[in-house]
Structures are given as structure tokens and as C-alpha cells.
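Chains as they are written, first to last, in my numbering: chain A, 2 to 313; chain B, 2 to 313.
I should point out that these hints are in silico values taken from the structure, not numbers from a laboratory.
It cannot be assumed that every hint is accurate.
For identical chains, the list gives no copy identity; a pair is met inside one copy or between any two copies.
[Stated by the list, open to error] Below 30 Å or equal to it, Euclidean Cα-Cα: the simulated BS3-like pairs (lysine-lysine) are:
| hint | residue 1 | residue 2 |
| --- | --- | --- |
| 1 | LYS293 | LYS91 |
| 2 | LYS29 | LYS58 |
| 3 | LYS283 | LYS91 |
| 4 | LYS293 | LYS151 |
| 5 | LYS291 | LYS151 |
There are 2 protein chains.
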Amino acid sequence: MNYCFGIDVGGTSVKLGLFDTEGNLIDKWEIPTRKENGGAKILSDIAASVKDKITEKKIDAAQVCGVGIGVPGPVTPEGYVPVCVNLGWKDIYPGRELSALLSGVSVRVGNDANVAALGEYWRGGAQGCSNVVLLTLGTGVGGGVILDGKVVDGVHGAGGELGHVIVNPDEPLACNCGSHGCLEQYASATGVVRVAGRILTAKPETASVLRETKDFSAKDVFDAAKEGDAIANEAVDTLCRYLGLATANCALTIDPEVFVIGGGVSRAGSILTERIEKYFEKYTPLLKIKAKFALATLGNDAGIYGAARLVL
Amino acid sequence: MNYCFGIDVGGTSVKLGLFDTEGNLIDKWEIPTRKENGGAKILSDIAASVKDKITEKKIDAAQVCGVGIGVPGPVTPEGYVPVCVNLGWKDIYPGRELSALLSGVSVRVGNDANVAALGEYWRGGAQGCSNVVLLTLGTGVGGGVILDGKVVDGVHGAGGELGHVIVNPDEPLACNCGSHGCLEQYASATGVVRVAGRILTAKPETASVLRETKDFSAKDVFDAAKEGDAIANEAVDTLCRYLGLATANCALTIDPEVFVIGGGVSRAGSILTERIEKYFEKYTPLLKIKAKFALATLGNDAGIYGAARLVL
Numbered sequence: 002m003n004y005c006f007g008i009d010v011g012g013t014s015v016k017l018g019l020f021d022t023e024g025n026l027i028d029k030w031e032i033p034t035r036k037e038n039g040g041a042k043i044l045s046d047i048a049a050s051v052k053d054k055i056t057e058k059k060i061d062a063a064q065v066c067g068v069g070i071g072v073p074g075p076v077t078p079e080g081y082v083p084v085c086v087n088l089g090w091k092d093i094y095p096g097r098e099l100s101a102l103l104s105g106v107s108v109r110v111g112n113d114a115n116v117a118a119l120g121e122y123w124r125g126g127a128q129g130c131s132n133v134v135l136l137t138l139g140t141g142v143g144g145g146v147i148l149d150g151k152v153v154d155g156v157h158g159a160g161g162e163l164g165h166v167i168v169n170p171d172e173p174l175a176c177n178c179g180s181h182g183c184l185e186q187y188a189s190a191t192g193v194v195r196v197a198g199r200i201l202t203a204k205p206e207t208a209s210v211l212r213e214t215k216d217f218s219a220k221d222v223f224d225a226a227k228e229g230d231a232i233a234n235e236a237v238d239t240l241c242r243y244l245g246l247a248t249a250n251c252a253l254t255i256d257p258e259v260f261v262i263g264g265g266v267s268r269a270g271s272i273l274t275e276r277i278e279k280y281f282e283k284y285t286p287l288l289k290i291k292a293k294f295a296l297a298t299l300g301n302d303a304g305i306y307g308a309a310r311l312v313l
Numbered sequence: 002m003n004y005c006f007g008i009d010v011g012g013t014s015v016k017l018g019l020f021d022t023e024g025n026l027i028d029k030w031e032i033p034t035r036k037e038n039g040g041a042k043i044l045s046d047i048a049a050s051v052k053d054k055i056t057e058k059k060i061d062a063a064q065v066c067g068v069g070i071g072v073p074g075p076v077t078p079e080g081y082v083p084v085c086v087n088l089g090w091k092d093i094y095p096g097r098e099l100s101a102l103l104s105g106v107s108v109r110v111g112n113d114a115n116v117a118a119l120g121e122y123w124r125g126g127a128q129g130c131s132n133v134v135l136l137t138l139g140t141g142v143g144g145g146v147i148l149d150g151k152v153v154d155g156v157h158g159a160g161g162e163l164g165h166v167i168v169n170p171d172e173p174l175a176c177n178c179g180s181h182g183c184l185e186q187y188a189s190a191t192g193v194v195r196v197a198g199r200i201l202t203a204k205p206e207t208a209s210v211l212r213e214t215k216d217f218s219a220k221d222v223f224d225a226a227k228e229g230d231a232i233a234n235e236a237v238d239t240l241c242r243y244l245g246l247a248t249a250n251c252a253l254t255i256d257p258e259v260f261v262i263g264g265g266v267s268r269a270g271s272i273l274t275e276r277i278e279k280y281f282e283k284y285t286p287l288l289k290i291k292a293k294f295a296l297a298t299l300g301n302d303a304g305i306y307g308a309a310r311l312v313l
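Chain A extracted, bound-state conformation (with noise of 0.2 Å):
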């Protein structure tokens, strides 16, 4: 038996998953994601854990066929990571450095987002597809394209960067990435608390079980539209809107088979995919035969999974 890692790295924890190299998934855990020193520790604490899971499995190294890593940032398609803001890196080859550290051990590096569509698409909501686009809908908005089965990291590692596209070039605030009017603006956890907020201000005359909610999540905002509140459901419906008109020019441009809809936002469930879809119909009349839409079905493994395939 062969086995591989699968190691998804990001802001708070790193999560690792022991495969084998028919794919199933043996084993995972977490570690904690060290960012101090410009995130110095991250790459030695993945090697020791690496190594650690080898002793404790009993696995000779030479039945260790590679290593998959999924970064929160740009990734060349030679491995460049120019900067990862949430783990301090800069200027880091973080594949070359992880197989020094491990013996050598093939490693390759993708981008979280563009690995998670891998994984979506290899054991997830998108099995069967070749031509996938994730959108992961959590803090922010990440995306993730896979063309012909392969993803596509872009020339200069930005590929799948769905979540700034401008579908909104007249919002007055500016979003992290110093862009006005992003997909993330709207479609994010963050982003539906906030335009729920800026309605109920624009509406003081409208009941809403949110005005009694102090700092309302996301989840409270699905949970009020759900029950029919007006304001809450203006909410959804514009993060589906923008949705909608992403995916749209999204299909206009690479025209893929399924949309996959992930991340902590999709756990609301067919009424997002269906009001997503029903602007997405709205917006594309040249498209005779439509893409389709489906939840992620990994959930937090996907990135685990897709680094796997990685090296697989």
C-alpha cells in the first residue's frame, strides 16, 4: 500500500489528511497555524506532523508517494507564492522548502480555493464533471475553476479569484483587496450581515426580527429570511443576484457543466442555489442549455481531498 498527504493551510489551523493512493481518506487532524516571525514555523510544523503521522501509522517513507499543500494566496504555475497576508509569507517557494524539510518527497502546491474545487470535483458535489467552477462562500468569497479535470492556477497565479470580481463597479465602500464593489462584498458571511445592516438602516419602517438580533450572523439572516423577513430576504436576495451575475458572466467566458456552490454560507441549502440559478437563468437568455448548480458536499475536507489529488 502507497499512501500520500493532503494538507490544507489556513489562517487559524492547518489541516492534514492521510490518504492512500486509491483516494480514500485514513486519516485527519489539525494543527494549529503558527503566523508569528511572518509565518517562519508554519512549513516545519507541517513536516513534523508529517512525520509524526509516519511513525505513529507505522508507514515506511518510501510508501509515502507525495505531498499536497492548498495555500491561502496566489500560486504560480512554477510554485511561487509572491504573498499569503493571512500566513505573513512572502517571496516563498513553499513546495521546494516542505520537501527539503521532508527527505525530498514530492510535493505540489495550489492555490486553497483552486484545490478545494479539486476536491469537489474529485470526491464532492461535482463528481462526474470535468468543467467546474466552486465558489466558496465563508469569510470572504474564494473560487476555484477546473477545465478538462485540470485547475486552472492562471499565468500569474490568479486564477479562480471569483470572489473580486466587480459586479458592482458603483459600491461606495471598498473591499480588503482595495477594489469597489466585489462578489465578496455581497455573497460572503460578512458580506450578507452588512447588506442586511445597510437595509434595515435605509427601512427603519420595516419590522424585522433582525433589528431584536445584537450582532446577527449570517446564519440569523437565512434563519429570518426563511421565515419570510422582508428585510432578511432582501438580504439573500441580493447576495443571490450578484451570484447569479457572476456565474453568468463566469458561463460566458469558460462555460462550464456545473457551478458548486461551498463554504460555511451554502449550509442554507436549496434556497440559495435555487434563487442563485433563477438569476443566473435571468442573466444569461444567449444560453440555450445551462449550467448547473449544486451544493459542495465535503464540506471542510475539501481542501484536505484536493491537495491529495494533487499528487495523485
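Please arrange chain B on chain A, whose structure you already have, making use of the hints.
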């Protein structure tokens, strides 16, 4: 010496090119597009013209390695064309039909804009780049996407339909496709004329040379803009702003190396690429390394070059 044919089927004329297998254009000519009876004669006219050329050039049929053909409509990866509005075609496999008319020679079909992109990638303004997006600004706006040297046709044949990405959902006027605020409504020759007309109406006090020009053209608008005409300048700026937005969103999806601007409107030259690039920069603060912008160089021959490339 072996040969191939590259054919570009347009609504008014069919352009044909004879190439050697090194990709050198040996001869080019045109025949009219007979659209009557649902375009039933188009493929037999093409076959007759190809046979005539083979006879004229004393080529042995065995020396013809293939025929590539670009058509103005969606083409699925299987070569199926559900509809070609401009030709009257419906439910057709033009490659199979043309092959049958040419004694079984290999025929490959692509969407005309995608095929033109392939031409510019192979022999034109995008040589040396494997990841290219072409925007053809003519009566409408066509688009073509090349990733890793391969045309992205899309699962349903709608890859590269960049003329219909929505850049202004609030546009009251409908596009030909039925949508509102498509790129084509602002960035085509007809679009920039309409936008200039709108600005003339909205600003009756502002002097403009366009007021004295009956039925002014896109070229008139660009010429006036170059002379400092405020109204014309605003129309050109609108065109460039929306092209900047569309290319920015495209870069955040597939991150190509170069955007190539072609079609009649691109004769305006660097005034166009420089202004588009200015807006592209504005809309992509996330991208530390940016795509380049270049003008197309093959003009009306991009289609026959790209079609030849389909079979070489």
C-alpha cells in the same frame, strides 16, 4: 508538400485560405454566403470552391491533410451547432457534412471568434503566449479564450461569448441576445455610436463635431475623440471603461497572459489599448502582476489562420 484549408464562414461572405502544413498562407479568396433555404447551399458552395482550388493548384487529393472551419455560432466539443442565426443553420454538424462532400477528408469546426483567437495566438498579436483572450470589436463584440494553447469551446459551446458578459445590469435597453447591459452594447462599433448619441442628447449645451455629422460612424467618434471633442471622448471612455471591467473580471477568472483587441474598432489603435489598460489596472488592485494588452495583427485573416490551425 502537404496542404490544408482554413475557412471562415461569415454572414455575407466565406473567406477561404490554402495553407501548407508549415502554416504558410499560399492563397486566399472569398465566395458569397448563400443564406437562402436555411443556408442549405453554404457547405456545398464551400466544397465546390475547395475542389476548384485543388484542381487549379494541381494538388493531389491525398496531399490535403484537413479542413478547418469557423462558424458564427456556438459549437459543442462534438462539433454540433444548435443554431447559427446569421446563416440560417439549425441542428447541424457542419464538419461531418463538409467532410462527406469532400470524400471524407478530416474537417474540424470551431466558433468563429474562438478560431480567430487561435489565429492571433498562432500567427498574430499573441504569438509566444499560450494563455490568450481575444476581443473582436466589430458590429458586435466577439470573444475567444485560449488556455494552454487550446481553445476553450465550453461544455455547451458558449466559451468566449465575451460580447455578452454583463457590465451594466441597470441598462434599460435590451441587447440582441435579450439581456441588458452586455459588453457588446457599449464596446462594438454600433455601441459606441449609440453611446455617443445618448451623450449628445443628455448634454445639449456641449458643442461637438458629431452634431454636424449625419449618421456618424464609430470611426468618426474615435477621430473626434483624438481631436479633443468632449462628447466623443466620453463615448470612447465609456467603451474603454466597460472593456476594462470585462477584462478585469476575465483576468480574475482565468488570469491569461495577454488580452488581444481586434476587429474594425481596434483600428483606433493605442488610444484604445492604453485607456482599457488604465481601467483594467483600476479594477484589479488584487493582481500584483497584470496581463498585457496588445492589438490584433491579422485583421480579417485571423479566422482563416485559426481555422487552418484547427487541423495542423
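Structure-based check of all given hints:
In this assembly of identical chains, the alpha carbons of LYS293 and LYS91 lie at most 30 Å apart only when taken from different copies (24 Å versus 38 Å within one copy). In this homomeric assembly, LYS29 and LYS58 come within 30 Å of each other (Cα to Cα) only inside a single copy, at 12 Å, whereas the closest approach across copies is 68 Å. For the homomeric pair LYS283 and LYS91, the shortest alpha-carbon distance between copies (24 Å) is at most 30 Å, but the shortest distance inside one copy (42 Å) is not. Both within a single protomer and between protomers do LYS293 and LYS151 lie at most 30 Å apart by alpha-carbon distance, with minima of 19 Å and 24 Å respectively.
With identical chains, the CA atoms of LYS291 and LYS151 are at most 30 Å apart both within one copy (21 Å) and between copies (23 Å).
In the structure shown, no violation is registered for any of the earlier numbered hints.
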